[in-house]
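The lines below spell out each chain.
Protein chains: 2
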Amino acid sequence: MIKANNPSLKSWIQVPADSDFPIQNIPFGIVVRESGHKLATIIGDTVIDLAELYHGGMFDGLGLDASVFENEFINDFMALGKAQNRVVRDRISVIFQEGNQELQGNESLMASALIPASEATLSMPVKVGDYTDFYSSRDHAYNVGCMFRDPNNALLPNWLHLPVGYHGRASSIVVSGTPLKRPKGQQMPAGADKPVYGPCRLLDFELEVAFVIGKETALGDTISMDSAEEHIFGLVLFNDWSARDIQKWEYVPLGPFLGKNFGSSISPWVVTLDALEPFRTESPKQNDPEPLPYLKNTEDRNYDINLFVDINPESGEGKTVCESNFKYMYWNMCQQLTHHTVNGCNVKVGDMCASGTISGPERGSFGSMLEISWKGTKPVDMPDGSQRKFINDGDTVTMRGYGERNGVRIGFGEVSGKILPAD
Amino acid sequence: MIKANNPSLKSWIQVPADSDFPIQNIPFGIVVRESGHKLATIIGDTVIDLAELYHGGMFDGLGLDASVFENEFINDFMALGKAQNRVVRDRISVIFQEGNQELQGNESLMASALIPASEATLSMPVKVGDYTDFYSSRDHAYNVGCMFRDPNNALLPNWLHLPVGYHGRASSIVVSGTPLKRPKGQQMPAGADKPVYGPCRLLDFELEVAFVIGKETALGDTISMDSAEEHIFGLVLFNDWSARDIQKWEYVPLGPFLGKNFGSSISPWVVTLDALEPFRTESPKQNDPEPLPYLKNTEDRNYDINLFVDINPESGEGKTVCESNFKYMYWNMCQQLTHHTVNGCNVKVGDMCASGTISGPERGSFGSMLEISWKGTKPVDMPDGSQRKFINDGDTVTMRGYGERNGVRIGFGEVSGKILPAD
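Heads up: the protein sequence lines correspond to chains R and U, in order. Under the working numbering, the first residue of the first sequence carries the number -14, and numbering increases by one thereafter. Under the working numbering, the first residue of the second sequence carries the number -14, and numbering increases by one thereafter.
Same shape as in the complex, but just chain R:
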């Protein structure tokens, strides 16, 4: 298996020092070529069309079908299972390792398979079946509870006993770079006696990380804490765009609906759990209260991954408004997946589970404008002199994330989305 934390591993493809994609990463995504959608990976600033490598014989002997490479999504690749996924990832790392001549000696194959990232069109990597959003950052839940309820009673009674989650909309998950129109809908203005219809005025981002299911279960089966990682193929950055005014009016008693389902954005590269192994870090102590036995955590299951959110106005300089970290999660991914299936709910390859907003303990690490601007009471000063309580038309929100250890940086690239004015 690739030693993701081996700093001596180098590629013959040039990798800039601040790249998220050294040869230790090898994430999976989909690149759109003239002849269709292809399974792809990236090293440095070079996107690699794996279908071309397949047809060029580079995966001969591995028993792989062309349909896995010539595919609109990576789902069929994930469905091969972790053992086979690792074989492919290892093989890629061999082909591109410094000194290896298999591909370097074949100029026409190099020309057809390697694409400068700036010229590559990446599409939705995953066909998402069901999408679930959790609410697992304690600081985020506390902040929201303070704002909407009471600082002395900020967490609801269930929050420390289970990873609260709800179902979201899969159809409107889009890949980074897809612009979104400001949603319209019903809101109840403060003091009004009836709702109004119009464009959302409190448009927000939520900084999240989502995991992708690579191994299905049957209806009625459960996933235990110890087997959960076997079902997780990899992770993406996830912007859970939120229309706060629409959400506030609609969400009782059945939860968020139109305040969320107008769009969610994901990063185009699915980074494998294997690649993130070096960043595994201790999980928060859960002893007040202890979770029920089925949720009890006995290992390090958090990940030390730096996360950033930038707001870039249409004209004018941008600003990083949040620096957070995936390690801040109170409930980890294994607990989320174990809880999700404790009742026999089945999961399918391509299902996506997002973390919920990942806020750290200080304002600079809060993962949404709702928290950063504290309901609009503390606007953010932008370099161009403007202020932000929420997101303006023309703003592009970009999330970035990477871990770094022993000089090896492994990251997600970015998920970026621009807000267009409402119709």
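If you're looking for bench data, these hints aren't it; they were derived computationally from the structure. Just so you know, not all the hints are guaranteed correct.
Calculated Cβ distances over 12 Å to all of chain U for the following chain R residues [to be verified]: (1) 88; (2) 134; (3) 178; (4) 201; (5) 206.
Covered, in the sense of this in silico footprint (three residues per stretch, anywhere, with C-beta under 8 Å from a C-beta of chain R), are these stretches of chain U [stated by the list, open to error]: (6) 145 to 158; (7) 177 to 183; (8) 275 to 282.
Quick caveat: nothing in here was measured; it's all calculated off a predicted structure. All C-beta atoms, glycine included, are put in the ideal place defined by N, C-alpha and C.
Chain R is already provided as a structure; the job is to place chain U on it using the hints.
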């Protein structure tokens, strides 16, 4: 187009008097044959393999591809569009009309295409992309509000202004006949200071009707009240199984999750909106308050469809515990779909939207055991001397539904599911 309300239309296939499937109905589903899954319909007690008819030349000249008939789901058929769907439905009604000899003259084709319903295996008709559940029966919302809040304040402030809805789980929607295990999970017993883990003790059904999307929209587009019906292919009966104790503990603040997603059951035949046209009936007056203009209803958009729920114990006589009607909906399907997309949320072919529990004004028409037994305070007497507050292990819950006008009865058949003990 088929005159669904024309009582003089007869088939050469025998149709029992109480059948839901006269030649005026022609619903669509999937039958499992030795050679695979096939598009199918039903007349009386005879399931018709439409792929066999296709290969037998019965649809020649209609420009249809074999893949629509040789398919695991009806999605590709729905995606052809209503105009083409109607051509196929009309053609079927001609082939099976009394006096028509095209098929009757071909004994081998008849033998291969016609299957006694008692011998036919029906599978999930629709590949469900996203599933949404609404909460649109006023009596149901009022009952729940009375039980959990206050009879003087039973409806939450938003309820009369918009069709409250939330996203559900698509992966665990199963076809009628699929048994379900009693789910396990966390519950907070009354008076306890910490939650317990174990089998659900308050297992319930919810009587619902769901519509299936047949025409997609792009992200950012909206559907208006006047165009909504163009996007609805047809309807199924829907049992939204609910674990009340799990739901009660988990659902704040983000809505139902594990209390619902262990399974939902649907009837195997999708009855087209065209077939239900004769049962269109007036919608309830909405003038206190009036909805916002985008939701305003100016036509009859409710449907007079009788609905029934039976509980059949493993041994012992069953009982009809609910007689309700689809016409009781306060928010109709067009309002639900219009609201769902007002923010630009896209819909895809195969998406399913369920009505929410359909309760009428009296106890006998309440659509869940929660309401029928009024939180367990008014148990139902069963013919075998036992009582039901909720659903027992071994119970089979069966929902049935049909409309009847001018002597023509058009129905759904049934959705039935047995509850197995927890592991």
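So is residue 134 of chain R really clear of chain U, every C-beta pair being over 12 Å apart?
-> 9 Å, violated
For the region 177 to 183 of chain U, do at least 3 residues have a Cβ located nearer than 8 Å to some Cβ of chain R?
-> Since 4 is at least three, the answer is holds.
Is the Cβ of residue 201 of chain R more than 12 Å away from each Cβ in chain U?
-> 9 Å, violated
Three or more residues of the region 145 to 158 of chain U near chain R by CB distance under 8 Å?
-> holds (count 11)
Taking the shortest Cβ-to-Cβ distance between residue 206 of chain R and chain U, state whether it exceeds 12 Å.
-> Violated, because the least Cβ-Cβ distance between residue 206 of chain R and chain U comes to about 10 Å, which does not exceed 12 Å.
Count residues of the region 275 to 282 of chain U with a Cβ under 8 Å from any Cβ of chain R, then say if the count reaches three.
-> holds (count 3)
Examine each Cβ of chain U, and state whether all of them lie more than 12 Å from the Cβ of residue 178 of chain R.
-> 9 Å, violated
Least C-beta distance between residue 88 of chain R and chain U, which was stated to exceed 12 Å | Residue 88 of chain R clear of chain U: closest Cβ-Cβ about 38 Å, beyond 12 Å.
When held up to the earlier numbered hints, the structure conflicts with 2, 3, 4 and 5 and fits the remainder.
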